[in-house]
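Given only the sequences and the hints, what does the whole structure look like? Please build it.
Each chain, written out:
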Amino acid sequence: MKWITWERIGIDRMACSWLIKKYVDVSAEFVFIEKGADYKEMDGIPFDIPGVALSHKRGKCTFCTILKEYGLNDKRLDRIAEIVNSADTINDLLPEPEAAGLDLICRSISRFLNDDAKAIEQGFLIFESMYLYFGDKS
Amino acid sequence: MDDQQKWLMLVYKLPKARTSAGKVALWRKLKKLGVYQVQDSVCILPLSDKNKEDFEWIAAEVTEIGGDASVWIIVSMTPDKEKTARDFFLDQVNGQYQKIIKDLETITDQKELKKKWDYYHRTKRQDHLKSPLTVEVKAAFEKRSDELKSS
Chain A
1 MKWITWERIG
11 IDRMACSWLI
21 KKYVDVSAEF
31 VFIEKGADYK
41 EMDGIPFDIP
51 GVALSHKRGK
61 CTFCTILKEY
71 GLNDKRLDRI
81 AEIVNSADTI
91 NDLLPEPEAA
101 GLDLICRSIS
111 RFLNDDAKAI
121 EQGFLIFESM
131 YLYFGDKS
Chain B
1 MDDQQKWLML
11 VYKLPKARTS
21 AGKVALWRKL
31 KKLGVYQVQD
41 SVCILPLSDK
51 NKEDFEWIAA
61 EVTEIGGDAS
71 VWIIVSMTPD
81 KEKTARDFFL
91 DQVNGQYQKI
101 IKDLETITDQ
111 KELKKKWDYY
121 HRTKRQDHLK
131 SPLTVEVKAA
141 FEKRSDELKS
151 S
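Protein sequence lines correspond, in order, to chains A and B. Each residue of the first sequence is one higher than the one before, counting from 1 in the numbering used here. Each residue of the second sequence is one higher than the one before, counting from 1 in the numbering used here.
These are calculated hints, taken from the structure and not from any lab test. Remember, predicted model here, so these are calculated numbers, not experimental data. If a hint is listed, it holds; no wrong ones were tucked in.
Straight-line C-alpha distance at most 25 Å; calculated DSS-like pairs for lysine-lysine:
id: 1; chain 1: B; residue 1: LYS23; chain 2: A; residue 2: LYS57
id: 2; chain 1: B; residue 1: LYS50; chain 2: A; residue 2: LYS35
id: 3; chain 1: A; residue 1: LYS57; chain 2: B; residue 2: LYS31
In structure tokens:
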């Protein structure tokens with residue numbers, strides 16, 4: 001299945017791509033479109049684009065929406081969701097201490113690779129490692 | 001024009017309906033971002049990747065609750081108004097930074113110091129123009145931390 005999102009990805013779309021590939025669709029193929037481009041005629045599922053089903057919901061990031069939508073219950077994923085949400089949305093909660101650092105890492109990888117397909121591969125490594133790490137730790 | 005400060009402008013129109021959770025959430029978010037409200041329904045932030053994303057999502061949320069919104073990258077043609085905006089952003093954080101420096105004097109344990117440090121980082125999120133005062137705030141934290149350790 002094709003998964004469509006805006007180009008120049010950041011922390012939320014990087015984390016979502018990993019989540020989708022790992023839990024929702026192992027053969028997921030990601031398509032990056034220009035910001036604001038029309039995706040309605042395209043074949044695939046749009047995510048993290050304003051107004052689509054898999055997007056920010058009730059002020060929470062798209063990663064949180066996908067967890068909920070696909071019923072993914074896993075404390076380690078919840079932990080990642082807290083960090084991603086803290087970095088990606090404007091909220092009243094105390095910021096997770098990891099959020100600013102992880103946001104910077106994702107942002108700089110995306111900027112300097114200047115290639116979204118390559119950036120999500122790096123994202124796979126980052127989020128898979130974090131996921132395993134949280135498993136070991138708890 | 002190239003070296004002139006670039007700004008992001010959010011122009012929005014809220015749905016006519018009475019105050020809703022969506023509207024309240026929007027106001028809170030704008031406040032949290034520390035925007036400069038130029039006029040009703042027009043606010044600006046200095047241009048940055050993060051601010052751009054935040055404004056774009058807010059615009060999308062306004063549309064979602066039935067309003068209308070757009071985001072623009074602009075430069076000012078009126079230097080005095082630009083100065084007002086600049087001063088707003090700097091004053092907003094400098095006031096808080098000064099208060100933090102003052103509060104540090106009365107802090108007596110590491111736990112309180114840590115809480116203040118977290119608060120400082122939250123304040124820093126609104127420091128869009130990178131106030132030079134951060135150097136002093138950091139120095140004040142280090143000084144107080146050393147004092148607490150040696151006492």
